[in-house]
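Asker: Sequence:
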Amino acid sequence: MSGVRNAIVRVHSRYVRRLADSAVGGRRVLIELQVRRLRCGERACPQATFAEQVDGLTFRHGRRSTGLQTVLERLAVMLAGRAGAPCPKP
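Throughout, the numbering used here is defined as the position within the sequence shown, counted from one, plus 3.
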């Protein structure tokens, strides 16, 4: 949406987006958001429609919250690609 900020934007549609988040008390957390799909009003715009993002929670094409994605990336770096390595205890 960075190139569309100054253009006229209309709501195209809405849909439910599901994001996995960090577990709480050993239980899986699933966030359900109703997200708007927006249409750019500029005819020459290369990105005709796009989904709105929630700062600090969602990112493009993401199925996890930003926080969970960060935790998983740090874990992958800690394991350094060692196949079958046990996960560190919290």
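Please note that the accuracy of each hint is not assured.
[Stated by the list, open to error] Restraint-style ranges between C-beta atoms, simulated for each label pair:
| no. | residue 1 | residue 2 | range |
| --- | --- | --- | --- |
| 1 | L82 | R39 | 17 to 25 Å |
| 2 | A51 | L82 | 37 to 45 Å |
| 3 | P49 | R17 | 35 to 43 Å |
| 4 | S25 | Q56 | 30 to 38 Å |
| 5 | Q37 | H64 | 30 to 38 Å |
| 6 | G29 | L82 | 19 to 27 Å |
| 7 | L78 | R21 | 20 to 28 Å |
| 8 | T52 | G28 | 37 to 45 Å |
| 9 | L60 | S16 | 51 to 59 Å |
| 10 | Q72 | G28 | 14 to 22 Å |
| 11 | H64 | I11 | 33 to 41 Å |
It is worth saying that the hints were derived from the structure and are not from the lab.
Virtual Cβ for every residue (Gly too), placed ideally from N, Cα, C.
Asker: Next, verify each hint and record whether it holds.
Answerer: Consistency of the hints with the structure:
1. At roughly 38 Å, the beta-carbon separation of L82 and R39 lies outside the given 17 to 25 Å, and the hint is violated.
2. Our hint of 37 to 45 Å for A51 and L82 holds, since their Cβ atoms are close to 41 Å apart.
3. Separated by about 23 Å at the C-beta atoms, P49 and R17 break the suggested range of 35 to 43 Å.
4. Taken as a hint, the range 30 to 38 Å is violated for the pair S25 and Q56, whose Cβ atoms sit roughly 19 Å apart.
5. Between Q37 and H64, the C-beta spacing of about 18 Å breaks the proposed range 30 to 38 Å.
6. The beta-carbon spacing between G29 and L82, approximately 21 Å, falls within the hinted interval of 19 to 27 Å.
7. The supplied range of 20 to 28 Å is met by L78 and R21, whose beta-carbon atoms lie about 22 Å from each other.
8. Distance hint for T52 and G28: a CB-CB separation of about 39 Å, consistent with the stated range 37 to 45 Å.
9. Our hint of 51 to 59 Å for L60 and S16 is violated, since their Cβ atoms are close to 20 Å apart.
10. At roughly 21 Å, the beta-carbon separation of Q72 and G28 lies within the given 14 to 22 Å, and the hint holds.
11. For H64 and I11, the Cβ-Cβ distance of about 25 Å falls outside the hinted range of 33 to 41 Å, so the restraint is violated.
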